[in-house]
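Engineer: Listed in order, the protein sequences are those of chains X and F. Note that the working numbering gives residue 102 to position 102 of the first sequence, counting from 1, and the numbers run on in steps of one. Note that the working numbering gives residue 277 to position 115 of the second sequence, counting from 1, and the numbers run on in steps of one.
Simulated from the structure, these hints should not be mistaken for laboratory data. A quick note: this is a predicted structure, and the numbers were derived from the prediction, not measured. Hints should not be assumed to be uniformly reliable.
[Unchecked claim] Straight-line distance between alpha carbons at most 20 angstroms, and here's what the computed DMTMM-like set of lysine to aspartate or glutamate pairs gives:
(1) F:Lys756 with X:Asp122
(2) F:Lys457 with F:Asp799
(3) F:Lys756 with F:Asp701
(4) F:Lys585 with F:Asp799
(5) X:Lys147 with F:Glu820
(6) F:Lys656 with F:Glu448
(7) X:Lys147 with F:Asp359
(8) X:Lys147 with F:Asp817
(9) F:Lys585 with F:Glu598
(10) F:Lys424 with X:Asp20
(11) X:Lys155 with X:Asp93
(12) F:Lys319 with F:Glu345
(13) F:Lys756 with X:Glu94
(14) F:Lys798 with F:Glu599
(15) F:Lys713 with F:Glu822
(16) X:Lys71 with X:Glu127
(17) F:Lys756 with F:Glu599
(18) F:Lys713 with F:Asp701
(19) F:Lys756 with X:Glu79
(20) F:Lys829 with F:Asp359
(21) F:Lys697 with F:Asp621
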Amino acid sequence: MNDFRLNINGTEFPIRAPGDETLLSVLRNRLHLTGTKYGCGEGQCGACTVLIDGTATRSCLTIAASVGGAKIITIEGLESHGSLSPVQQAFLDEESFQCGYCTSGMILSTTSLLREHSHPTDQQIIEAMDGNICRCGTYPRIVAAIKRAAQLQEKGGANHAS
Amino acid sequence: MPADELIREVAQHEIQERIQWFQLDRRDFLRLCGGGLLVLLDGRSAVAQEAGRGSRGHELPKEVSAWVHIGADDKITVFTGKVEIGQNIRTSLAQLVAEELRVPVASITMVMGDTDLTPWDMGTFGSRSTPTMGPQLRTMALTARQMLIEAAAQRWKVDPSVLAAADGRVSNLKNGQSLTYGEITRGEKLTQSVSGDPPLTPASAWKVAGAALPKAGGRDFVTGRHQYPSDITRPGMMFGKVLRPGGFNATLASLDTSAAEKLPATKIVHDGDFVGVVAEDASTAEQAVSQIKAKWNVPPAQISNRELFEYLRSHPEGEKGSSSTNASVMQALASAELKLEQHYTVQYIAHAPLEPRAAVAEWNGDRLTVWTGTQRPFGVRDELAEAFRIPATKVRVIMPDMGSGYGGKHTGECAIEAARLAKAVGKPVSVVWTREEEFTWAYFRPAGWIEIRSGARRDGTLVAWQHHNYNSGPSGIDTPYNVSSKDVQFHPTKSPLRQGSYRGLAATANHFARECHMDELACSVGMDPLEFRLKNLTDPRLHAVLETAAKQFGWGRTKSSSGHGFGIAGGVEKGGYVATCVEVEVNPAAKQVKIRRVVEAWESGAIVNPNGLRNQQMGAVVQAIGGALFEAVQFKDGRILNPHFAEYRVPRFSDMPEIEIVLIDRKDLPSAGAGETGIVGLAPAVSNAIFAATGTRLRDMPMVLA
């Protein structure tokens, strides 16, 4: 067992976990931040995506103890004072989900994409999102939500998650 | 789908259901609900068994299938054994209740899929929720509305005809006096069971039903608050893992758990060929199971993909598996001006729901509670009761809205594993399958071999049709085209892999074979594929979707050319009518097929929620791309060779064509289920488009260019 600290959604958490435990396991099983999902454990589906220093990262392939100095944002950390982030709002507006299990990962991947490209092209969307699986097949609505989120961010109507 | 067909479909697979009746006394139920108004649906008797006020202490009717309760606080609670798995039934059923009860949809809470709280239900599959549960709930809601009006009339001593119900209130149209539903039920215990066919609000007059309302609880999905089965935690909960055999049909030869036992607070559970571990945290449980040294005897030389179709054709299951000859069809085939004979295949495919199987089990004395993701909570309850030899009344299964199923979560393996481990440690235990477990130890959509022989006149009239399906199933097997002589048979066979339900079941395979074959016939008589279909079709609903899709697509406006093709296919199953047009780009040198554009026309009677329906049909088209172009379970000698998303390719963003869904709203027709049939049109349309682009017919799913 190792002792370390993680900065998650702006809060420092003391963690005691085996040295090789994944960030996904720490989030879900130790901190009960269950919005981050297990889909494959192999970095192939994107359900476990979180932001590490702003960049979309697969928490299932990230050793928790290795990101002690980083700022980690999970789906639970996107709202600000009770209002949804532009990406969350856009996913809700477009209803870009069916069972919703992929939605957290999709929203965090989108958040990272829009940080890099405020108005992504279709090709940029595909490149950034192709590692995220929606088995219900909601992709076209997710693309619509990404474009809507870009507009919402430009208007600055909703809060900006870092 | 007729009941006998449903039973046949169910019986073909692993599902064996014993009917169990709900035992709760009506007085207990009202006590639980704190008084108010309770309407039960009695599907058996032709007349209401009991009317009017007061609990008379009778047991619930034995065929109660759902109930609706209105509390003094104006809260309306609907109880149904159906479950929400992403198909949006939680929203659309609430809309139907709100419509008949004349209340805002937000005032309704749906309690679903909890075996202690909801009436028995066979399960959520077969596109049955909308056509069966929908009318049942509407009937109860209407009855509740009539009872409220009656109760208000008695209180005010007026004739019910001067009263009207709207927006959760009963009002006197003459003097404006009004009471909320809750006020009417306050201090009362109104119960009634209903049956028969009361005059439901026609779809043409719907205000809440039929509207494009958003999915219930949408905000919880974008904030991560929604609790899926794999998110459930219980006080003191531990984490379990199960040691998997080295292959199918394996037996345990030797076991060494000494290394695993040394890990902190870890318990090994060994019982026959079942070996599991429980630890205080998930990563220790994973570590423990990986440190177990086990030798398995795996039977050698098990069937692989290579021998699959030969195996299916030569291993009939029971008497129904053998083929019977139909002399008149043979004669019609022999004397036809044009003859065609082809075979088509589909591989085993995996459901691969993004949330794998998951369960949390908790024992309290001899009572077992399990939270798990399943389309059949009552079926899983019975599996648990049987596994632990306890009465079903001691088992409660709770189904939190789960991360999808597509027909893949009918069974209770994970629930049983969690309960077995929880029993061993005396604490709640969570088991979540890995992706590899899900790809290996779940069940698959059946593989199938289909033979079609057909005959036509030179003018394009179909005269003979023979369609024999081996193993994949009878769904969608009957042809909707007019043909004077036909012989359609399903032959159950033994299956090398464990197989079960899947979205649309065999309707995908049967439509693939039939709609490809129709295209081949059209080609041999020199007719346009759409024209050929319409010539042999009288069903006006299938006509309508084909013509709608073709019009929206611009069918015939551009001719297919080398490397660029257009294809069309249509069909009907489970009351849903679909037609799909696709445009493909084919690069034979790179063996690449890219679907550029899809137009799907869909009709399933009166639309309950066009927003949810559109989402679902879009999803069906997307999911169909996988089975059409790349999904196949690879297996050899009792092992799955591609049990990861890296090797088992599912549709991704980069595979997306431009997709247009055209919904036809038939308010004059009852609403059919829409979860499945939308998947059947894509694969044959793609095959036909590939032929148009290349002159090559691909008759095997997934379609891979040689």
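Engineer: Determine for every hint whether it applies to the structure shown.
Structural biologist: Status of each hint after checking the structure:
1. F:Lys756 with X:Asp122: Holds, because 16 angstroms separates the two Cα atoms, which is no more than 20 angstroms.
2. F:Lys457 with F:Asp799: holds (16 angstroms)
3. F:Lys756 with F:Asp701: violated (32 angstroms)
4. F:Lys585 with F:Asp799: violated (34 angstroms)
5. X:Lys147 with F:Glu820: Given pair Lys147 of chain X, Glu820 of chain F holds - Cα atoms ~16 angstroms apart, limit 20 angstroms.
6. F:Lys656 with F:Glu448: violated (35 angstroms)
7. X:Lys147 with F:Asp359: Given that 20 angstroms is the threshold and the Cα spacing comes to 48 angstroms, the pair is violated.
8. X:Lys147 with F:Asp817: holds (19 angstroms)
9. F:Lys585 with F:Glu598: violated (26 angstroms)
10. F:Lys424 with X:Asp20: holds (18 angstroms)
11. X:Lys155 with X:Asp93: Given pair Lys155 of chain X, Asp93 of chain X holds - Cα atoms ~16 angstroms apart, limit 20 angstroms.
12. F:Lys319 with F:Glu345: Between Lys319 of chain F and Glu345 of chain F the Cα gap is close to 16 angstroms, so the pair holds against 20 angstroms.
13. F:Lys756 with X:Glu94: With a Cα-Cα distance of about 26 angstroms, the restraint between Lys756 of chain F and Glu94 of chain X is violated, given a limit of 20 angstroms.
14. F:Lys798 with F:Glu599: holds (17 angstroms)
15. F:Lys713 with F:Glu822: Distance ~12 angstroms between Lys713 of chain F and Glu822 of chain F Cα, so the pair holds.
16. X:Lys71 with X:Glu127: violated (24 angstroms)
17. F:Lys756 with F:Glu599: Roughly 31 angstroms between the alpha carbons, so the hint for Lys756 of chain F and Glu599 of chain F is violated.
18. F:Lys713 with F:Asp701: Holds - the C-alpha atoms of Asp701 of chain F and Lys713 of chain F are around 18 angstroms apart, at most 20 angstroms.
19. F:Lys756 with X:Glu79: violated (39 angstroms)
20. F:Lys829 with F:Asp359: Status holds; Cα separation ~18 angstroms.
21. F:Lys697 with F:Asp621: holds (10 angstroms)
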